[in-house]
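Dock chain B against chain A, hints included.
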Amino acid sequence: MFPLDLSAEHDAFLRVCGLTVQYRAERGGAVTALRDINLAIREGEIVGVLGESGSGKSTLALTLCRLLPASADVRSGSVRFRNLDLLKASEREMEGVRGAQISLLGQDPTSALNPVLRVGEQVRQVVQAHSQESPMTSRERARYMLQQVGLGEARHYDAYPHQLSGGQKQRVAIAQALVCSPSFLVADEPTSSLDPITQAGILDLLQRLVDDSKTTVMFVSHDPVLVGRLTTRIVVMYAGSIVESGRTSEVYASARHPYTAGLLRSRPTLGHLGKRDLPCIPGVPPDLVRHSAGCAFEPRCERRIAECARSDPPESLNVAGDRTARCFNEIG
Amino acid sequence: MDETLLQVCELTKVYADRRPAGRTTEVRALREVSLAIARGRTLAVIGESGSGKSTLARCIVQLEAPTSGQICFAGTDLTRLDKRRLQPFRTRMQLVLQGSSAAINPGFRGWEVVAEPLRIQKSGSAEEQRSTALQCMQQVGLQADLAERLPHRLSGGQLQRLAIARALVLNPELLVLDEPFTGLDVSIQAQIANLLLALQREGSLTYLLVVHDLMMAGALADEIAVMQDGQIVERGIPAGVLMTPQQEYTRSLVTVARGVASTGASTTGSL
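Chains as they are written, first to last, in the working numbering: chain A, 8 to 339; chain B, 978 to 1248.
A couple of the hints might just be wrong.
[What the hints assert, rightly or not] When the alpha-carbon atoms are kept at most 16 Å apart in a straight line, the in silico EDC-like pairs for lysine to aspartate or glutamate are as follows:
| id | chain 1 | residue 1 | chain 2 | residue 2 |
| --- | --- | --- | --- | --- |
| 1 | A | 221 | A | 50 |
| 2 | A | 282 | B | 1179 |
| 3 | B | 1099 | B | 1089 |
| 4 | A | 282 | B | 1122 |
| 5 | A | 95 | A | 80 |
| 6 | A | 221 | A | 80 |
| 7 | A | 282 | B | 1199 |
| 8 | B | 1060 | B | 1041 |
For the record, the hints were derived by calculation from the structure and aren't laboratory data. All values derive from a computational prediction rather than experimental measurement.
Next comes chain A alone, as it looks inside the complex:
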């Protein structure tokens, strides 16, 4: 992932350039959900997108699968996946891409699954949609994939979604996402509706499957702990912009953007026992309809200087060229 290095065409697997996406709002207004996003993902890496509600992270995930709702407009930019310009591809081309080359794993398996179809059949239909295989062969592949996610018994294949727990349903959704061996998986908060033990099991499973199959993953989450555990590189989003990016271990060890630093401190740890106030970022994210000049994080930032309210901070690169931060007054 080289957020600024747009010239190096050779090893980019997925490349997003200057992407700006708006949603039409009431009374002719517009919400800018993504603002000039640049990022590149290398084949085989697991990239984290860390951001809170309204940061644009889910809009980014949907754009990469070209599943934006009708109320969204891509204002500018391009998304290149291998040799395909995803934003210019025909709907027919996209049908061949989705599920087979790029898969989306969402956060709510209950609404992703059809309540009146057996789950094995729902996995089989994904195979059928992308291959000429006989029903028998596709059933075998679905059965094998369910086995891979720990649902190998016959009763699992024949179960209806309501007969499964939340964790089991998410395992079915993972089986659907991976059954056609896509090269790119977009996982948008895939464990946020699960309790911690189930969550850990799902993350372990996901990690094992993508490691085995060398799948490239974009893992989207609001939780710095999950992103830290799973990913090798990270982009941090705030109010539609990428505010920081780099190797996960380095960003976590020394965040350069004050928002990243604040977010990483907000999660309680064993160091917070004893009913003392948690470190927290004051205030709320900005209203994206009314964008004024200056850094979007400025009103909540403890390190703001006069310049921050006047103009948009530029994206700065560190010496080694592998980390960026969008801040006038970086830490460190």
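Only chain B this time, still in chain A's reference frame:
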């Protein structure tokens, strides 16, 4: 010795699970659960989905009748009271749920949501109800300009603050908070946690906090109870439960939480 506000003795709740074939099986959601909370203190109940945490919370605030056992609030056994005599106790304890957007009337303005309990209890004139509601909103950090907003124009964090304000408006002694952080962003979770700490410091509120985030339980509680299959399998102060868990089940919960937390914790220097 601190005054015990809530004492639960051998509480059992059995649900009948009716199968289509006519067979009825029993689900024992709570098995002889006993616990006590002193006034002004916080007990966190942790455990995975299905362990009985929410059933316990609903029994305590009298939304479910337990199958057997006692729930003593300020010395009175609530399970022995009839509906009429239970009424005064209902205002003294309040429930705050997760996903507050589903628990808030979408047609009410902010202040009306908070004032509704006062209206139901016929407490004060309409004008007094409004001003008490506004006061409560201020107490939970909601600015006055949000009072006239409808819920769909409030953020998740603001809705959770609104739900807490509504719970506080009757001046309760006990707040039962069932997963109040679920569905909120990490930075907003920290804000709500700090709000709960501040409210307790100011008003000697007592909390029963049902939560599945062990680290959050550790940060907010005086004592932690671990539930598994409807039973409390371990309890103690946060440092004890989280640093030296005694039960295998607690150890697995802690391992998951620490395993998940270790990346963030060790690198942000807070451990």
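List of violated hint numbers, smallest to largest: Of the numbered hints, 4, 6 do not hold.
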